[in-house]
Amino acid sequence: MRNPIKVLTNSLTIAWKDLVEFKRTRIALVFSFIFPLMIIAMFGYMFPGSANTVHDVPVGLVVEDNGLYAQNVTDVFRMACSNSSMFNLVNVSSTDQARDKIFSGEIKGAVIIPSNFTDSLLSLNQAKTVILTDPSNPGLTAAITQYFTGITRAISDQFAKEMIESGMHVNSSFVLQPITVGVEGIVSGGGSSFDFVAPGFIALTVMMSGLTAVGAAITRERELGTLDGFLMCPISRTSIILGKMISRTTRNLLQSAIIICLAIYLFNVHVRGNPVLIALVLLLGTLSFLGLGIIATVAAKEQESAQLILGLLQFPMMFLCGLLFPIEQMPVPLQWVSKVLPLTYAVNALRKVMILGVGIGGIIFELTILVILGLVTIALGVPLFDRAVRK
Amino acid sequence: MAYTIETENLTKRFGELNAVDHVSFKVEDGEIFGLLGPNGAGKTTAIKMLCTLLLPSEGSAKVGGYDVVKDADQVRKMIGVVTEKLIMYDLLTPIENLKMFGKLYGVPSSELNKKIEELLRLVELWDWRKSLVGNFSSGMRQRLNVIRALVHNPKILFLDEPTVGLDPTTARKIRDLIKQLNKEGITILLTTHYMEEADKLSNRIGIIDQGKIIALDTPAALKASVGENATLEDVFIKLTGEKMRDTPKNTSFLRPRRRFGFGGHP
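Protein sequences, first through last, are from chains A and B.
Under the numbering used here, think of the first position of the first sequence as 1, with each following residue one higher.
Under the numbering used here, think of the first position of the second sequence as 1, with each following residue one higher.
Bound conformation, chain A alone (with noise of 0.2 Å):
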């Protein structure tokens, strides 16, 4: 048995190399930080603002009014999500409780009859209905947003209609509108779609180096005939592959501080979350496609193959995994696919965190998928890459 500690050693001591090598190649650096600004900014300015079709998105629906005109207008909404498959009204007792809600993922927005709306009515004054939305995925803001909108207008103005018809006498704002719709965010300040964009494409940089990063380190050292050089050391094998992936999380972990950091400043992101938190989503996205990465070079037999089976791993999860369009609006098949695939975790809590502000509690559950993938396929991919090498 090896002691733990040189392996460990060893292994920094060739992610040293590999950092200092990385380090002075400057045109490689540049492009790690142009890569992922540019497909933002596209990203960004094309991304659609509306949505267009989505399926049994659970929304919450808090009645804080007993009166009369609330239950009216609760029944118009249950009746309306009941003949559509769009949405799912679910009861939420409190608006603090809608909001905790949003925040976990389990209602996507919330629609809000205040305690005051029957008396408003009643007292010939505008009442108020509020939509509560999710800032980090505005797909289905502007979804939610659009239907209940739409419904609460319908009713304000067969409202409004039933007023005159009766002849009564009210002030003409009233009659024009008696029932207003006020659109609230989870958090302060909007999302604007770069807030959206950015954190799926920074995931997705860290997924697609990842992925390609240790078995291209590795095979280009066995071009260069480097690889020996390690292999003839007498350290252990796991302190080769270890190095590399130390690298590789340094340099992802650096290039997405970075990009962060120009985000900001170019396309106005907020980041809302933690910086620390942040960077351990990073680093366990890294290590679980590390290992998947290793474990797909390692079990093809040529290049050609290990690119067809990354090819196979990558396209998915660039277009399913929510980096562009919510999952909620995909088929649902399609959504059953982004379940099993690890970077729409890496992306919800990436986004969650960065846009929601939210603490690890609010992640816990994707960073239990990312810990358990990242342990499970770097457990099988390290022995792996033992046995590929000891020919």
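If you are wondering where the hints come from, they were derived from the structure by calculation, not from laboratory data.
Watch out, some of these pointers could steer you wrong.
Stated by the list, open to error - Far from chain A by the CB rule (all over 12 Å, computed), these chain B residues:
1. 3
2. 75
3. 96
4. 102
5. 124
6. 134
Stated by the list, open to error - Cβ pair distances, simulated, as ranges:
7. 34/A <-> 153/B: 27 to 35 Å
8. 214/B <-> 34/A: 52 to 60 Å
9. 4/A <-> 131/B: 34 to 42 Å
Quick reminder that beta carbons are idealized off the backbone N, C-alpha and C, glycines included.
With chain A's structure known, arrange chain B on it following the hints.
Relative to chain A, chain B alone:
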């Protein structure tokens, strides 16, 4: 007589091909042993097995008294290897390169700095210690490549074509260095295509062809067996034939099949 390297029926198969075919030879303590053979004869494969880079398909080998499979780490500690391809990172300076390998060989850092200076001065690269290896000429790189194999004071040195592609001056410097190291007690196994070099340096020579050792003796005895005034080149050509061996098949097994890899992503 103690043997530093002993192989017994050492065999490496790549698919159908016997790259090294039941090779048995012994290298004595403190000698320079030349391993000659046409391209693709199995020299590099044999050395790779002795250096623990490849697992033998059959047979066994001991280096410095340790089995190359069971005690691979003990073997690795004792040997220095100069491969055909340079093991040097272009983006690092000579000092950084040597330091990294020294550390991986477990050389204490107090000794390591002294050793690196000594070696760099030995091959006249001390003045270049702070420039990147990428800027070096091939002669400088090869000198560096040789001393890289020496940072951990190995007892046995494997040299796979150490003077290939070098100008006569540099080649002679390397040959002088090989002799000097041998005088200091290092056992050396050398492959080369330069017959004169093999003749001058080696105490004994083994000629390998199609994976088999076909002759093994002192240079003088080998030459005498062919005729008066014969050169080592005559011996080589007589034994291995006039036919050229550079067929694609022969080069394909020099490097084992790639097990993984793909193009990188930025």
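The hints, checked one at a time:
1. 3: Label holds. Min Cβ-Cβ 21 Å, cutoff 12 Å.
2. 75: violated, 8 Å
3. 96: Violated: least Cβ distance 7 Å, not greater than 12 Å.
4. 102: The claim is violated: residue 102/B sits with its nearest Cβ about 10 Å from chain A, within 12 Å.
5. 124: holds, 23 Å
6. 134: violated, 9 Å
7. 34/A <-> 153/B: 27 to 35 Å: violated, 47 Å
8. 214/B <-> 34/A: 52 to 60 Å: holds, 59 Å
9. 4/A <-> 131/B: 34 to 42 Å: holds, 37 Å
Violation of the numbered hints given earlier is confined to hints 2, 3, 4, 6, 7; the remaining hints are satisfied by the structure.
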